[in-house]
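Input sequences plus hints: build the corresponding full structure.
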Amino acid sequence: MAHLRWHSALSSRHLQHNPLRQGHFLTQGAVAQTVTSRGAKGNFFTSFLAGALAVTAAIYVGGNVSGAHLNPAFSLSMCLLGRLPWAKLPIYSLVQVLSAFCASGATYIMYYDALQNYTGGNLTVTGPLETASIFATYPASYLSLTGGFLDQVLGTWILLVGILALLDLKNKGVPAGLEPVAVGLLILAIELAMGSNCGVPLNPARDLGPRLFTYVAGWGPEVFRWEMASPGEGKDMGRWKEAPVHRMLPGPAPSAKLTALSLGERGTAPCGGREDPFACPEGWLTQT
Numbered sequence: 061m062a063h064l065r066w067h068s069a070l071s072s073r074h075l076q077h078n079p080l081r082q083g084h085f086l087t088q089g090a091v092a093q094t095v096t097s098r099g100a101k102g103n104f105f106t107s108f109l110a111g112a113l114a115v116t117a118a119i120y121v122g123g124n125v126s127g128a129h130l131n132p133a134f135s136l137s138m139c140l141l142g143r144l145p146w147a148k149l150p151i152y153s154l155v156q157v158l159s160a161f162c163a164s165g166a167t168y169i170m171y172y173d174a175l176q177n178y179t180g181g182n183l184t185v186t187g188p189l190e191t192a193s194i195f196a197t198y199p200a201s202y203l204s205l206t207g208g209f210l211d212q213v214l215g216t217w218i219l220l221v222g223i224l225a226l227l228d229l230k231n232k233g234v235p236a237g238l239e240p241v242a243v244g245l246l247i248l249a250i251e252l253a254m255g256s257n258c259g260v261p262l263n264p265a266r267d268l269g270p271r272l273f274t275y276v277a278g279w280g281p282e283v284f285r286w287e288m289a290s291p292g293e294g295k296d297m298g299r300w301k302e303a304p305v306h307r308m309l310p311g312p313a314p315s316a317k318l319t320a321l322s323l324g325e326r327g328t329a330p331c332g333g334r335e336d337p338f339a340c341p342e343g344w345l346t347q348t
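Take 61 as the starting number for the sequence shown in the numbering used here and just add one per residue.
Read the hints as simulated data drawn from the structure, not as lab findings. Treat the hints with care, as some may be off.
[Stated by the list, open to error] Distance ranges between label pairs, derived from CB positions: (1) Gly207 x Gly99: 22 to 28 angstroms; (2) Leu252 x Arg285: 26 to 32 angstroms; (3) Ala225 x Ala174: 36 to 42 angstroms; (4) Pro150 x Lys230: 46 to 52 angstroms; (5) Met170 x Asn231: 36 to 42 angstroms; (6) Val276 x Gly237: 35 to 41 angstroms; (7) Ala100 x Glu282: 24 to 30 angstroms; (8) Lys101 x Gly207: 27 to 33 angstroms; (9) Gly99 x Leu210: 28 to 34 angstroms.
All residues carry an ideal CB built from backbone N, CA and C; glycine is no exception.
Structure representation (structure tokens):
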């Protein structure tokens, strides 16, 4: 019974405080504005900038409440390394996907009139008036399966290594309270450098939740036709690379030096004094 109550409380907490809804709504809203205005009220850069700022805002909103768990691929890599209990992964992942689904619904309602005006009521995944890419990510028409896979693995690998570098107190530290801004800038750099192939699908929840919504909202089963690769591989590669690198460096063990991107005092042990931020629900796990 205690085990069930613990799971219930954790799920409820994440459902109440998870910041993904706001973050996804801001990201999708920027893309919807660009697409439905035919580029008059936005462009490639503004869409990516909104996405990066949305992640920063989401971390500030949920960092000290629910831990701002944003990305199931990062959570999975922590489970593979024994930094996060496997029992928590399904709860985190489910809430992340549901949050993205709900955010897609909010975007659809907000831009319903614009979508109808732009498409004439014909919601499509491909073609000159496609609108599915407002919600989920799709590969460019020229991209091969291998190219799409490498694009996603490399992008998520860079994201994870960059985040771990920001968390490492042996590096030049980010001023306390500005860690979410630094992560947002990292995400923006990845998006601007790698956005043309697949739209930078760094977060499985950010893609699956909206894709499920478009399936039920009128775009149909074609939304699943272009699924190519999973960003989870890059997360695991990056995490496994970073661990031996830290072990080769002089100084204390990584777990004593890496701290969660909470908004508290730099260097303090999170989670009631436990040194390892990845071993507790409040450990900050990110994505875009």
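Hints and how they fare:
At roughly 26 angstroms, the beta carbons of Gly207 and Gly99 sit within the given window of 22 to 28 angstroms. A hinted range of 26 to 32 angstroms for the beta carbons of Leu252 and Arg285 is consistent with their spacing of about 28 angstroms. Here the CB-CB span from Ala225 to Ala174 is close to 40 angstroms, well matched to the stated 36 to 42 angstroms. At about 34 angstroms, the beta-carbon gap between Pro150 and Lys230 misses the expected band of 46 to 52 angstroms.
Separated by about 40 angstroms at the C-beta atoms, Met170 and Asn231 satisfy the suggested range of 36 to 42 angstroms. Val276 and Gly237 have their C-beta atoms about 40 angstroms apart, which keeps the hinted 35 to 41 angstroms range intact. A beta carbon spacing of about 28 angstroms between Ala100 and Glu282 agrees with the range 24 to 30 angstroms that was offered as a hint. Evaluation of the 27 to 33 angstroms hint for Lys101 and Gly207 yields a pass: the beta carbon distance comes to about 31 angstroms.
A hinted range of 28 to 34 angstroms holds for the C-beta pair Gly99 and Leu210, which are about 29 angstroms apart.
Going through the hint list in order, the structure does not satisfy hint 4, though it satisfies all others.
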